[in-house]
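**Student:** Chain B: place on chain A using the hints.
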Amino acid sequence: MNAVVAASNLSKRYKNAAALDNASFRIEAGRIVGLIGPNGAGKTTALKAILGLTDFQGELSVLGLDPRKQRGKLMEQVCFIADVAVLPRWIRVREAVDFVANTHPRFDRKKCEAFLARTKLTPNQRVKQMSKGMIVQLHLALVMAIDARLLVLDEPTLGLDILYRKQFYQSLLEDYFDENKTIIVTTHQVEEVEHILTDLMFIRDGRIVLDADMDAVGERFAEVMVGADKAAEARQLKPLDERQVFGKSIFLFDGADRARLEALGEIRRPSVSDLFVATMKGTYA
Amino acid sequence: MKTPVLNEMYWLVKREFWEHRGGFLWAPVITGGVFLLLNLMGIIAGEVIGAQHGMHFMFNDQIHLLDHTLSADDAARAGALMDMVMYSTSFIISIVLGFVVFFYCLGALYDDRRDRSLLFWKSLPLSDSATVLSKVVAGTVLAPVIAMICGVITGIGMLLLFVIALSFHGVGAWHLLVYAHPFRVVANLVGTIPLYALWALPSTGWLLLCSAWARSKPFLWAAVLPLAVGMMLGWFNLLGTRVVGSGWYWGDVCGRILLSVFPGSWLGAGNYQNVSSGTEHALDALNLGNAYGVMTTPSFWIGAVAGLALLAGAIWFRRWRDDA
Numbered sequence: 001m002n003a004v005v006a007a008s009n010l011s012k013r014y015k016n017a018a019a020l021d022n023a024s025f026r027i028e029a030g031r032i033v034g035l036i037g038p039n040g041a042g043k044t045t046a047l048k049a050i051l052g053l054t055d056f057q058g059e060l061s062v063l064g065l066d067p068r069k070q071r072g073k074l075m076e077q078v079c080f081i082a083d084v085a086v087l088p089r090w091i092r093v094r095e096a097v098d099f100v101a102n103t104h105p106r107f108d109r110k111k112c113e114a115f116l117a118r119t120k121l122t123p124n125q126r127v128k129q130m131s132k133g134m135i136v137q138l139h140l141a142l143v144m145a146i147d148a149r150l151l152v153l154d155e156p157t158l159g160l161d162i163l164y165r166k167q168f169y170q171s172l173l174e175d176y177f178d179e180n181k182t183i184i185v186t187t188h189q190v191e192e193v194e195h196i197l198t199d200l201m202f203i204r205d206g207r208i209v210l211d212a213d214m215d216a217v218g219e220r221f222a223e224v225m226v227g228a229d230k231a232a233e234a235r236q237l238k239p240l241d242e243r244q245v246f247g248k249s250i251f252l253f254d255g256a257d258r259a260r261l262e263a264l265g266e267i268r269r270p271s272v273s274d275l276f277v278a279t280m281k282g283t284y285a
Numbered sequence: 001m002k003t004p005v006l007n008e009m010y011w012l013v014k015r016e017f018w019e020h021r022g023g024f025l026w027a028p029v030i031t032g033g034v035f036l037l038l039n040l041m042g043i044i045a046g047e048v049i050g051a052q053h054g055m056h057f058m059f060n061d062q063i064h065l066l067d068h069t070l071s072a073d074d075a076a077r078a079g080a081l082m083d084m085v086m087y088s089t090s091f092i093i094s095i096v097l098g099f100v101v102f103f104y105c106l107g108a109l110y111d112d113r114r115d116r117s118l119l120f121w122k123s124l125p126l127s128d129s130a131t132v133l134s135k136v137v138a139g140t141v142l143a144p145v146i147a148m149i150c151g152v153i154t155g156i157g158m159l160l161l162f163v164i165a166l167s168f169h170g171v172g173a174w175h176l177l178v179y180a181h182p183f184r185v186v187a188n189l190v191g192t193i194p195l196y197a198l199w200a201l202p203s204t205g206w207l208l209l210c211s212a213w214a215r216s217k218p219f220l221w222a223a224v225l226p227l228a229v230g231m232m233l234g235w236f237n238l239l240g241t242r243v244v245g246s247g248w249y250w251g252d253v254c255g256r257i258l259l260s261v262f263p264g265s266w267l268g269a270g271n272y273q274n275v276s277s278g279t280e281h282a283l284d285a286l287n288l289g290n291a292y293g294v295m296t297t298p299s300f301w302i303g304a305v306a307g308l309a310l311l312a313g314a315i316w317f318r319r320w321r322d323d324a
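Which chain is which? The protein sequence lines are A and B, in order. Take the first sequence: its position 165, counting from 1, is numbered 165 in the UniProt record's numbering, and each next residue is one higher. Take the second sequence: its position 1, counting from 1, is numbered 1 in the UniProt record's numbering, and each next residue is one higher.
For reference, chain A alone in the conformation it holds in the complex:
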């Protein structure tokens, strides 16, 4: 099957630092990919490259198109919410719907109006009169009414309260996502997206340091809670990370032998945030 995004050796340098450093990855259709990385790791640059908003070195094909040269065509099938609340402040709900309805060939006005009907937004309301959460509701209603093949979300829920955040991802899953669509999402609120992701990608210093689907992550990584008596034995297995809880040690292993781990203690699937913290150790040091 054709990849939705195929990138090889993506590089992009800003004046002093490499934002992307020979990053290569593939994203297949029907996936929800979490692109997770610390601040300044190159997440936004990677997304901007995919959306044709920035120039770069290397090869990149999005839906079979080159985002640098065929951006107009690409944007008919790609949608994005880049950061929170970037709708123009002067626009009214009615105007935003009218404008997108008349300039986007894949926009379904009825769908959008149905989404809006579930919110408190009124047609004459201006963006500048809305709270951050309401702006995102409007943006999401516009985006979900577009039958795009790829949706890119860059920190879509930053600064929203938990009600809006939950509602955001719930709407995406229930009313938008299907096997023909692909979603790439970056966020720091890892706990909130880890249950909806099908694939996980960690990026650090412009390089992809982990690229796996969630099942593989569960098989590869294991967390074991070990009593003090067996801690030394566990350390010999070269854990990624170790932390102390209630006098016991929790070890995080990458690709260790299951049978040996079971002898040490209870095995759990590590959370994405623990995995993230362990992988990114020393980033800011």
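Check before you lean on any hint, since a few could be wrong.
[Unchecked claim] Calculated pairs, DSSO-like style, for lysine-lysine (alpha carbon to alpha carbon, straight line, at most 30 Å): (1) A:LYS128 to B:LYS14; (2) A:LYS132 to B:LYS14; (3) A:LYS69 to B:LYS14; (4) B:LYS217 to A:LYS73; (5) A:LYS132 to A:LYS69; (6) B:LYS217 to A:LYS15; (7) A:LYS120 to B:LYS14; (8) A:LYS69 to A:LYS15; (9) A:LYS248 to A:LYS281; (10) B:LYS14 to A:LYS230.
To be clear, the hints were calculated from the coordinates, so they are not data collected in a lab.
**Tutor:** Same frame as chain A, but now just chain B:
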């Protein structure tokens, strides 16, 4: 709205109108309204003071003219006077229009980068050329059309105001209105809009380029850069190394890239050379044939081509400027 391209342009221009309703619509409407109000206040003041002192300020010596049939000469003069009134309102509004268009162009490709709404517009399948072009159309076609409509309506309002004021004095001046040439005035004004759009190209191009390029303070870049270059040239000339003529630079470069958004700025000294004195001829300068005479000069077309090149630059920066 038949072809997708035209439809896209229609909605892009409409978006500009939504965003800039204040400058495009309300500025000329309010200017016209204030102008009418001031005239009304003037007439009332004249009436009140006149009544207090037993005098007639208005057309005192000519008032007899209005009562009998006018000679052809007088009719022409009355018509020209009324045409002048109509032009004068358009003139005032066009000055306002110049300021509106100047600052509109300066902000058109900058404001949405600053507030990051650029990221929303760029998420739609709109080409950057169409976006930039829509801003040119909004600034130099839509805005002047609205300003012209406001100017004509205000002009008609002015005439009615005068006629009504006269009728209070028992002078029926309604029949005089037939000597005015509203259609000719409107045709002249409408006809100048394409001229305006072409003439303004160096300014719209330069201002939009600055707007698309500047990381901050586009006004400073747009205004200070050409002024600084001019002063450097002047300095070189002062030292005796003549690079290019300072006068040529100020008039044909600096003036054109900053001030061409002001309607009528094409009316140079040359336009009055063939015009003899007298009210009936003063208006000839505004005639289309005369105004379009500027198109026969090479500098007009060089300016237009340079403006298009600046616009191409603005489109390039709109596409690749990566700082939102």
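**Student:** Now tell me if each hint is right for this structure.
**Tutor:** To see whether the hints hold, each was checked on the structure:
no.	hint	verdict
1	A:LYS128 to B:LYS14	holds (20 Å)
2	A:LYS132 to B:LYS14	holds (26 Å)
3	A:LYS69 to B:LYS14	holds (28 Å)
4	B:LYS217 to A:LYS73	violated (33 Å)
5	A:LYS132 to A:LYS69	violated (34 Å)
6	B:LYS217 to A:LYS15	holds (22 Å)
7	A:LYS120 to B:LYS14	holds (26 Å)
8	A:LYS69 to A:LYS15	holds (24 Å)
9	A:LYS248 to A:LYS281	holds (21 Å)
10	B:LYS14 to A:LYS230	violated (72 Å)
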